[in-house]
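S.K.: Those protein sequences? They're chains H and L, same order as listed.
With our numbering applied, the first sequence covers 1 to 845.
With our numbering applied, the second sequence covers 1001 to 1256.
Take these hints with a grain of salt, some might be off.
[To be verified] Once the Cα atoms are required to be at most 27 Å apart in a straight line, the calculated DSSO-like pairs of lysine-lysine come out as: (1) H:LYS158 <-> H:LYS107; (2) H:LYS53 <-> H:LYS107; (3) L:LYS1077 <-> H:LYS835; (4) H:LYS458 <-> L:LYS1252; (5) L:LYS1093 <-> H:LYS746; (6) L:LYS1234 <-> H:LYS746; (7) H:LYS409 <-> H:LYS470; (8) L:LYS1048 <-> L:LYS1077; (9) H:LYS310 <-> H:LYS13; (10) L:LYS1093 <-> H:LYS835; (11) H:LYS470 <-> L:LYS1132; (12) H:LYS746 <-> H:LYS599; (13) H:LYS470 <-> L:LYS1093; (14) L:LYS1252 <-> L:LYS1234; (15) H:LYS470 <-> L:LYS1119; (16) L:LYS1093 <-> L:LYS1048.
Derived from the structure by calculation, the hints contain no laboratory data.
This structure is a prediction, so every number in the text was calculated from the model and none was measured.
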Amino acid sequence: MFRLSLKMTLARKGRLFLTSLAIILGTGFLAGTYIFSDTLNSTFDRLFSDVFKDVDAYVRSSSFVEAEFGGEQRGSAPISALETVLSVPGVKDAAPDVQGYARIIGKDGKPIGADNGPPTFGGIASASVAGLWNIEDGRLPVGPTEMVMDKATAKASKFVLGDTVRINAQSGSREFAMVGIVNYGDVSSPGGATFALFDQPTASEFLLKPGFVDAFLVQGDGTVSDEQLTSAINAALSPADKLETITGAQITQETQDQIGAVLSFLTLFLTAFSFIALGIGCFVIYNVFSITTAQRLKENALMRAIGANKRQVVVAMMVEALIIGLLGSALGFLSGIGLSRGLSAMLNAFGIELPTTGLTIQTNRIVLTMIVGTVITILSAILPALRAGRVPPLAALRDTALENVGSVKRRVTIGVVAMLLGAGAITATAAGATNVLLGIGVLLVFAGVLIIGPGIAKPVALSLGRPIEKLRGVTGAMARQNAARNPKRTARTAAPVLIGVALVTAMTVFAASVRSEVRTTIGDQFQGDYIVSSANRQFGGLAPSLALELAAIPGVAQATGLGFTSVNLDGSGKFVIIIDPATASGLITFNMVQGDQSKLSANGILVSDTRALAKGWTIGSTIDVAMVDGTQKTVTVEGTFASSGFGGSYVVSRALFEGTLNNLFDTNIYIRLTSGANNDQVYDALAAASTDKGLGTLQSRDEFIDAESGQINQILGLIYGLLGLSIIIAIVGIVITLLLSVFERKREIGLLRAIGMTRSQVRTTVRWESVITSMFGAIVGVVLGVVMGFVLILILADSGASAFSLPIAATIWILVLSFIVGVLAAVYPARRATKVDIMQSIATT
Amino acid sequence: MNNSSASFPPPVASTDSPAARATNVSKIYGHDDSEVRALDDVTIQFEKGHFSAIMGPSGSGKSTLMHCMAGLDSLTKGSVSINGIDLGGLSDKALTQLRREQIGFIFQAFNLIPTLNAKENIVLPLSLGGLKGDASWIEKVIDAIGLRDRLEHRPSELSGGQQQRVAVARALASEPAIIFADEPTGNLDSKTGGEVLGFMRRAVTDLSQTIVMVTHDAVAASYADRIVFLKDGKIAGEMFEPTPDRVLDYLKHLGE
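Just chain H, same shape as in the assembly (with noise of 0.2 Å):
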């Protein structure tokens, strides 16, 4: 039997080849999600092996403050401790090192890297053979006016010897000679990363503070191992200093950990939208097992009849779908490694640049891949199998295949019963029940909406098609007949357009209300009329010397500092948004419940409503703050503000850091005129100091606001590059569904094309066949998407009003495009029903 099934499954080869097809792609994007971040982790893993592969100690701050979104910051260490790590015995050599941010401006005045790329470092050229920089070409750099800088970066950005060098850090925009070319090690630049290096007192001074430097890296001199010789160091270290040793192999497991929680993410993402396309590839192998199961009734009849019992038949399905399903996840998987590049240059061009040397395959991924793929395909498979089983022996003779719709009115009872659960379920989550009941109330509302589509097909399918028998007569009335004949098949063939649209339209949905609400927040708070703004949020931004310097230009009013660090506050690791309570008058405004916001005292603190109420602080309540460089500090609540869903739930005086070594930049300086000051004039003054030197983007009111409220586009963007994966499997369910269908209907072809229908004509019933069923999808899709959308937005607004806004554009580009998927799916079957042979179809015999 088995070999019997074997036989018969490969004597269809352009089916085999096309049901395999949905599990290709599906199957693909996991491998490829897999091989991507495989990659990427060994690509990292590798790199920081290299950077501290001669490092055999390394000697840092005890204190550091979790980051909110993961990662940490660590407080500075004394340079006078170099003294005593060089004088612990086993310690050949030891070179202070610093990780600051220095933003090299290329000699078109525009800075080297992207904004959210690589990151751009400051650091520390010196002749200690335990530093990590080897000279390659020139001199290492000796003073505060000299810098070196990588190999790779020095190359694309056409800098030589001799060149002087602008560059943006902490302290300000200075200009720099460049004295020498530096190789890393072995590798001229690690992961696209831009270096700009000075001599130890200057970087301290430039990037972080005089007389502390980030970290010492140690050589041994092989004496002891590298255990002993960081307990040595740590029994020398001064306890005043707070300062810790590790091994190198520690350091270099921790970064690779850090590296790895970002990108686990990352994965995690790419994961859910794989899974997404498996998901519309196992309703498309359902689609093609049932229609197929409905077409080889009269086979499954004859066998039963020649004696092959239910199970045979049952398991000859199963066999076919086992083959298909092993294909189909091989070729899948080998997809992937193509799809891995794919998925690499589409994060590039959402402006996520990760750097991958080489492929990484790993067997594990690979069975993995060919598991989840056969068994979603023979699950697919069960239900049309079993149907094919209860075929009676003599059933009865058919043309055509039709499939029973079964009672419309209980398929739509059940389906919005189903509904009616996932929106209670929905609601529960609203009011504050766990997400998993959110995931549960949206796959009931999706069944829902399956569940019912065949009872609600036709009649759709039918008026869906009226216009099209008004405007193409004979042939649109056949298209639209055809689209209605089968009702099962239409809905099912619809699912997957349906889900990939109510996804794209959900995310539309959310994006846009995201949009508004940002315009609101930022537009609330920011009343001047031009703003610098930087776009590195998590690493560097513009020196706080910059807002002094602009408002010191003549016809500037008053410009202001706005920027973030991570503090930890009442015993966690929390953003905290610094400004100047002195000069953000009137220029950031938080919406105030209680206290004054221009009365913000150096240890004082405003706190968001909600957050206050959550932890029970009123005015008055003291917080316990924990700097980066292990300052304890105690705060007391001052005001508390209106939270809104974008704009933090801390803010603090930048006088409540003075005196400590946290580094503080600026993200954004917001900047009001004198009235009646020449506005070109004091916009080329602004631009002068920043935007010319590098420092920042200068825009006015509008076009800031435009600006930030467009960043969710670019995610936006890439969910929509995710999901085009999702819509072509679903394209292809569409091309095979009608392939079938005209294979099944060959003989009505021939009889057509017989009595004076022209291949053109022809053509044109399967294409109109195909958009009234793409566009029952997207039109069902949209409604769900849109409700989806709202719900999303209730359910994430952070109890700030959210607003509900319908991108009307964007809906109907989403029902245009579902049109033009329908013309193109129909390209193919279209062309393969004019090849209908006439003599064939009608011939009698």
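Position chain L against the provided structure of chain H, taking the given hints into account.
M.R.: Then chain L, alone, in the frame of chain H:
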């Protein structure tokens, strides 16, 4: 996609040309050793206003001859003309238009489009050409088949005989130069078959139509004015004003 006839040169039809003519037609399948001559140098013509039948044993080439003359199958040698129009060299599009306008078809089974009702099936060749047709003629045809009360029904709601009557009406609707019928009663019982044949006969006698019918049934063939006998791809003989008995006798003689 409504192809207006304006995009083609109007078919050159003359009143004195026969409805269909095959000249030295050969149809050969396969090559060399496995060569099969389905038609071997056949020359025949069918006059307007006649009901003709083509008979012959299985494999005699009767269906092949019909398909070739109807422009459904290509020729190996020779030429075919319908109403004076030579089919050789016509593009697929022109051939399709010719079938739509000059030829009517009745097949043994599966004659109707299941998604269209009886009326829509009847006018289908006209609709495909974007034409309305002669309304009074169509009314006449509908009356003749006697299915006026079933026009809104889908084929699945009609009996086999009714379906074949709708198929005959469809073949007549565009007033074609010739109607080809391929075993039109093959799937019907003798009573229903008789009704359909009677209707075809009246279409020729009363409505001046031209029908060529392939059949192996002597009774069916006896409805025709003339029978052409085929054997081994060649014309084996002719008979005018046949009766079932004479046909059976002839077939017996032909089989020897």
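S.K.: Hint by hint, note whether the structure agrees.
M.R.: Comparing the hints with the structure gives:
no., hint, in the structure
1, H:LYS158 <-> H:LYS107, "holds, 8 Å"
2, H:LYS53 <-> H:LYS107, "violated, 34 Å"
3, L:LYS1077 <-> H:LYS835, "holds, 24 Å"
4, H:LYS458 <-> L:LYS1252, "violated, 56 Å"
5, L:LYS1093 <-> H:LYS746, "holds, 19 Å"
6, L:LYS1234 <-> H:LYS746, "violated, 32 Å"
7, H:LYS409 <-> H:LYS470, "violated, 30 Å"
8, L:LYS1048 <-> L:LYS1077, "holds, 25 Å"
9, H:LYS310 <-> H:LYS13, "holds, 25 Å"
10, L:LYS1093 <-> H:LYS835, "holds, 14 Å"
11, H:LYS470 <-> L:LYS1132, "holds, 15 Å"
12, H:LYS746 <-> H:LYS599, "violated, 83 Å"
13, H:LYS470 <-> L:LYS1093, "holds, 24 Å"
14, L:LYS1252 <-> L:LYS1234, "holds, 17 Å"
15, H:LYS470 <-> L:LYS1119, "holds, 18 Å"
16, L:LYS1093 <-> L:LYS1048, "holds, 25 Å"
Going through the hint list in order, the structure does not satisfy hints 2, 4, 6, 7, 12.
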